[in-house]
Every structure is written in structure tokens, then in C-alpha cells.
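Student: From just these sequences and the hints, can you work out the full model?
Residue numbers (my numbering), protein chains in the order written: chain A, 1346 to 1490; chain B, 1346 to 1490; chain C, 1346 to 1490.
It should be emphasised that the hints constitute simulated quantities derived from the structure, not laboratory data. Heads up, a few of these hints could be off.
It does not matter which identical chain is meant; a pair holds if it fits inside one copy or across any two.
No more than 27 Å apart at the CA atoms, straight line, and that leaves these computed lysine-lysine pairs for DSS-like [claimed, not checked]:
#, residue 1, residue 2
1, K1402, K1441
2, K1473, K1402
3, K1349, K1473
4, K1441, K1403
Predicted model only: the values in this text are computed from it and were never measured.
Here is what each chain is made of, one letter per residue.
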Amino acid sequence: MEYKRFHNTIIARIDRGEEILEQIKNISLKENIRLASVTALGATNDFTVGVYKVEEKKYYSNHFEGDYEIVSLTGTINTMNDEFYTHIHMSAGNDKGEVFGGHLNKAIVSATCEMVITIIDGRVDRYKNEEIGLNLFQFEETIKL
Amino acid sequence: MEYKRFHNTIIARIDRGEEILEQIKNISLKENIRLASVTALGATNDFTVGVYKVEEKKYYSNHFEGDYEIVSLTGTINTMNDEFYTHIHMSAGNDKGEVFGGHLNKAIVSATCEMVITIIDGRVDRYKNEEIGLNLFQFEETIKL
Amino acid sequence: MEYKRFHNTIIARIDRGEEILEQIKNISLKENIRLASVTALGATNDFTVGVYKVEEKKYYSNHFEGDYEIVSLTGTINTMNDEFYTHIHMSAGNDKGEVFGGHLNKAIVSATCEMVITIIDGRVDRYKNEEIGLNLFQFEETIKL
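Tutor: Now the structure itself:
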């Protein structure tokens, strides 16, 4: 992985064999990112995405192998208890163009992954919401409508 | 729904049971947004997306229920006749990872929706294009290539 | 196609019959864009997307015709040997909501395409990586982790 920072934007190239979420963490810790949005495209030959079933409070994942193009990868970097946190959803198309996706657990880069991280000058934390069973955004001095 | 504004970026958490397009409108009116790009991830258990058939000038929609992860949600907030307007497309993956999407009419949040709104200091209006049958971007002092 | 630039953001409307990648090039050359991220939604009735098979170093493409909504279009504009380069992935949903996508080769707009280009004040070039067989990001004064 290599990256370059231009003011509040980071452009990264994640390389063959590397795992995307790990590399987001590496960049975040190195650059002290506390809040950012993330977008990327690329190719993966091994990824796991899933769906959370709220009624069951249980997470189901699907594993895919083969030649896939990442058609969307979107999410945020923020903090939970002041520590690094990232939440990414991804979808990818196979050799027929069929697209599969969900909450991203793991994606190994096959060819390349080209990522844009937009750093936001602010802070949003997370807290465990017991009703939903997930770690949700927690704001300070929030506007609640 | 709760949100916080950091200069030109708004981070929002849309909560279980809330409808996404309504919440985009709520934030926009509260913050006087005239032009912005929108991106989000999240989970929905009830959404309607569709396709516009240009030849027929007719819109066909599909309704989905069940556990879905929003894998992409993208679009803009702008104005038409100086009033709030938003145009969003969304795709979501089911428990097998299969992805469905289109023009967004409605999406009820099941677990959470995490949204990033990037406010643009400018103005783009819309006008009804009779040939296409849709409300298209209208620019002032535009560069036409 | 028409567009308007607001500081570092370009909002564009690509019109019926126009090809998206050509219009990205037109805007880039006109505005001297050297680095930017791109996102869009819209509708297409004729598009080609594909998958690169790294082991074979061969690219396979799929062609689609009919009424499709562009649900995600993401990528970058940068340079290779100081000349314009763009790399875009796209996915689109048909009239049942089924989504297909991959690396974008061509997409003809059927109704409209609404694009947001965020210009980044920096420079990232590309080089042909012989092992992968693709043109990858090349940074100057890079941080390599």
C-alpha cells in the first residue's frame, strides 16, 4: 500500500494480497484520522460481506471467491471510545456483471484498489445501542430533530 | 435522527423506523442547504426503487421487504424553483448478498443509516424537460461544451 | 452536456445520447483537472462493464441494453505521463431492480446523468505495472507503509 495526502484528501493504492480494512486502519493511525469519509474502486478475489438481521440481533455473512470488480465501497472512519473505528459497505461484480454486496468484513485485493479518503475536521464517536445491538454514531452538541 | 455539522460537512444518523428521503429534507431545511452531494450506508427492511423508461416516459418501481444492507446511496440536494429538491439512487444487498437498486422513492431504516452530506457553496436549479419527461439540472452562467 | 464549477466542485448534467467517459474527458480538459474524484447517478440504455482476470491478465466485458438506472458510479480523474486519465466503475439496476456492474468501458445516457466532480489540489500519476498488467497509481514523495 502506498498513499499520499493532499491537505484533507488522501489518495491510496492498496496492492495485490492486501486486505482493505487493515489498510484503512494503517492509514488512519499513521495520519491520526478521527473523522473521514471513504470511497474506493478496485478488484478483489476473496471477500466477505454480510447482512445484520435486526430482529434476531444476528449477523449473517457471505463469502465470495473469484474475479470481482469492486463497484462501490463507501463508509466512514471515526472513533469509538476515542479509538479507531471504520464502517464500510461494499459491492462487487462478477464476470457476468452480477453484483453482490453488504457490510464489509474482509476484502483481499487482487489487482489494485484505488481509495479516496476525505478527512473531516471534527469528531463523532460511537456507543453500543442495546436495542439495535450495534455501535451507532454518538454526537456531542447534536441537533436532534 | 441526529446530526452534526462540521463546516461544510454534515454527519447524520438516521434511526430505525425513519424514512431516509424525509430525513434528508429535514436536515436540508434546517440547515438551509441549497446544493450538496449525499452518500450513505445503512440497513433497510422496506424500500422502493425504480426505473424510468424514457421511451414510455413512465416510471416503474419495485418494492422490497426483508433484511437489506444499503451498499450504495448517492445523489444530490439542490433546488427547483428555489425550493428543496433531492435526487437519490440506492442499492441494497439481501441475506445472500444479491444487490437490488434504482431511483430511490422510499427507504425505511431498520438498524441505522450513516449519512455524509457535503455542502457545496453554489446553486443549481431544475427545470422540467418535456422531451425527457424529468426535472433536469439547470445552470446559470453555464459552460456548454 | 452542461456543467458549472463552484470553486473545487463541478456539477455536470450529461444528456441523452452522450457517452459518460467522453464527457468526463471533455470537462477535465476544459477545466485542466489533474486530480479529482467522481461520483454520479443517472440512467443508461447501453453500457459495457467488465472484469479483469488477473491470473490471465485478460479483460472480459459484458454489454447491456435496455432501461437501467445508474445506482453507483465512482472513480477518479488523474494523469498518466502527464496526460488525462480516468478510471471509473459503475453499477446499474434494470426494471426488476437487479444490479449489474464492473469496470466502466462505455455508458450512453438515456435520460440524464448528474455528476459531481471534486477537484483535489495535487497530482498522482500512473505507471504500467507489468506483474498486474494494469496502469496503477504512482506517487511522488509517497508514504509507503
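Student: Indicate, hint by hint, whether the structure satisfies it.
Tutor: Structure-based check of all given hints:
When the C-alpha separation of K1402 and K1441 is checked against a cutoff of 27 Å, the pair qualifies only between copies, where the shortest distance is 17 Å, while the shortest distance within a copy is 33 Å. With identical chains, the CA atoms of K1473 and K1402 are at most 27 Å apart within one copy only, with a shortest distance of 13 Å there and 45 Å across copies. For a Cα distance limit of 27 Å, the shortest separation of K1349 from K1473 across copies, 19 Å, qualifies, whereas the shortest one inside one copy, 34 Å, does not. In the homo-oligomer, the alpha carbons of K1441 and K1403 lie at most 27 Å apart only across protomers (15 Å), although the nearest pairing inside one protomer, at 31 Å, exceeds that limit.
Of the hints listed earlier, there is not a single one the structure fails to meet.
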